[in-house]
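Those protein sequences? They're chains A and B, same order as listed. Under the numbering used here, read the first sequence as residues 13 to 301, first letter to last. Under the numbering used here, read the second sequence as residues 17 to 300, first letter to last.
Derived by calculation from the structure, the hints in this document are not laboratory data. Hints should not be assumed to be uniformly reliable.
[Said to hold, decoys possible] Pairwise CB distance ranges, derived in the manner of DEER restraints:
#1 193(B) to 67(A): 46 to 54 Å
#2 193(B) to 125(A): 18 to 26 Å
#3 161(A) to 35(B): 38 to 46 Å
#4 125(B) to 74(A): 39 to 47 Å
#5 83(B) to 35(A): 48 to 56 Å
#6 196(A) to 42(B): 22 to 30 Å
#7 216(A) to 162(B): 57 to 65 Å
#8 289(B) to 206(A): 39 to 47 Å
#9 162(B) to 125(A): 55 to 63 Å
#10 79(B) to 50(A): 27 to 35 Å
#11 93(B) to 161(A): 37 to 45 Å
#12 199(B) to 219(A): 44 to 52 Å
#13 298(B) to 32(A): 35 to 43 Å
Note that the Cβ used here is the ideal one computed from N, Cα and C, for glycine as well.
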Amino acid sequence: MGLGLFHRHRGATPYLLLAPGMLWLAAFFLVPLGFLAYQSLESGSIIAGFGYAFTWAWSNYSSAVRGYTGEFERSFEYAGLATVIALVVSYPVAYWIAFRGGRWKNLLLLFIVAPFFVTYLIRTLAWQTILSDHGLVVRLLTDIHLISPGGRVLATGTAVVAGITYNFLPFMALPLYVSLEQIDQTLIEAAEDLYASKWRAFLRVTFPLSLPGVVAGTLLTFIPAAGDFINAQLLGSPTSHMIGNVIQSKFLGLQDYPAAAAMSFILMAIILALVLVYARVVGTEKLTG
Amino acid sequence: MTSVAAEIGRPRRSTLGAAWAYVRRHVLTVYAILFFAYLLLPIGVVAAFSFNHPKGRFNFTWKGFTFSNWTHWNAIPGIQSAVVLSLEIAAVASIIATALGTLMALALVRYGFRGRGTTNFIIFLPLSTPEIVLGASLLTLFLHVSSAIPFGFWTILIAHVMFCVSFAVVTVKARLVGFDRHLEEAAMDLGANEWTTFQKVTLPLIAPAILAALLLCFAISVDDFVVTYFVAGTNTVTFPIFVWGAARVATPPQINVIGIAFFVIAVTAMLGNVVLQNRRAKQA
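My request is simple: use the sequences and hints to build the entire structure.
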């Protein structure tokens with residue numbers, strides 16, 4: 013069997029190599045999206061039997077937006093906040109590992125990834141313990157008068173944002189590290205030889221060169237964060253619920269499939285639009301590799 | 017560059033500059049230490065509470081030290097079968113996903129063909145779709161075919177392979193791109209045919225990336241909750257689903273025991289890999 017691995021010819025080989033994986037993605041990613049789209053335009057109700065019928069019910073979309081504006085806004089607000097915080101918090105560490113890590117680089121990277129081998133839900137439950145009303149964080153914040161006596165952290169939007177930030181941190185830190193690590197040190201030295209201060213050299217040379225990492229990190233953090241419902245469920249309260257909570261409960265609790273499907277599509281459409289705008293600004297090849 | 021003139025006066029302040037650089041260097045180090053403390057804090061809490069002896073149903077306040085949660089890790093009904101199911105699904109899903117992903121990566125890196133851009137885009141799309149949408153869309157599909165594929169092991173497996181494939185492609189592709197093609201050409205010049213070259217040269221060289229993809233897929237699959245929750249149906253319980261159910265009614269410390277056990281195994285394996293790499297780097 014000639015695999016033809018070494019010629020860039022236009023034979024059938026690449027298609028044969030791609031076929032199994034692409035068929036899987038087509039059958040279990042693209043086709044389901046089609047089903048979801050179909051479902052989002054159905055109408056009917058559980059009370060009138062279990063039948064939903066396809067009726068081009070665009071009203072599912074408008075009523076999803078009208079009824080859950082707060083949840084949609086909160087999803088993007090919390091995800092945006094968490095992304096920015098994660099970027100600011102992890103950039104210096106990624107920089108430190110890339111430029112000062114020396115032969116400890118791999119070990120330090122391991123430290124960044126390690127916490128995420130404890131199951132997501134267990135990690136989040138640990139934050140529940142840490143942020144609880146009699147926990148250390150609340151006592152500390154009360155002592156320095158950042159929250160009033162009897163104030164809470166758990167069951168607030170702050171706790172949800174804190175949880176999201178923590179849970180998606182490696183998605184930010186790793187791409188940042190990769191792009192910083194690839195920077196040619198001699199470029200920074202050249203800037204300093206040309207009398208740029210360290211700070212100016214960072215702003216004019218290092219930071220611009222690390223932008224691909226910033227872009228990848230923000231996307232990898234923002235996208236899962238916007239659809240998350242676990243943090244809002246375990247660390248928040250109904251007033252800090254995100255659209256993910258609504259989709260989840262409508263699908264799996266209330267079995268209101270058309271409304272939940274419409275919401276999923278709105279969520280995905282907004283995210284895709286944001287990604288495309290981003291891609292337009294920085295170039296697609298960087299995004300898709 | 018108007019600042020050049022101003023910067024010429026710099027040498028005079030060089031001691032100050034050196035001191036500032038010294039302080040700044042250590043500020044960054046101190047910051048990094050604090051960052052790692054923050055990263056590891058919840059893990060410390062999970063570990064500590066795995067030795068707790070809670071009085072009520074919830075494991076949130078410290079009541080006393082005990083080893084019994086570790087010695088009786090499977091004392092909670094359903095927890096052992098949940099762990100076993102998670103491991104089984106992760107093993108099968110990661111093997112299938114890595115096999116599919118490796119083939120796709122080979123096609124994408126080695127060939128110019130029509131539809132390459134579209135293919136890249138379709139592989140990228142699941143990575144940029146929130147998990148809840150992946151789960152929801154699969155649920156609507158499986159609801160329509162539930163007589164052929166009942167909710168449970170197979171639906172979870174199908175879903176896990178789907179979201180792991182893209183990760184596998186990206187991982188293997190990264191290694192193939194930085195691959196020295198001359199090695200293959202040398203093998204062919206020495207009379208090896210294409211299949212032999214693939215077996216003897218290409219495969220060993222990309223083996224680390226294939227292993228990395230396997231481990232990555234395994235880790236993602238074992239940890240997945242959102243998609244699994246949508247496609248599992250009501251009677252199939254993986255470990256994350258078990259934890260979710262538990263979080264509502266009671267959180268036995270055995271959950272922490274298993275969480276930490278996974279953690280220790282994974283970190284030990286990775287540490288071993290780091291040590292091995294360092295040793296190899298020293299030899300080279």
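Mind listing which of the numbered hints don't hold for this structure, in increasing order? Structure breaks hints 9, 10, 12.
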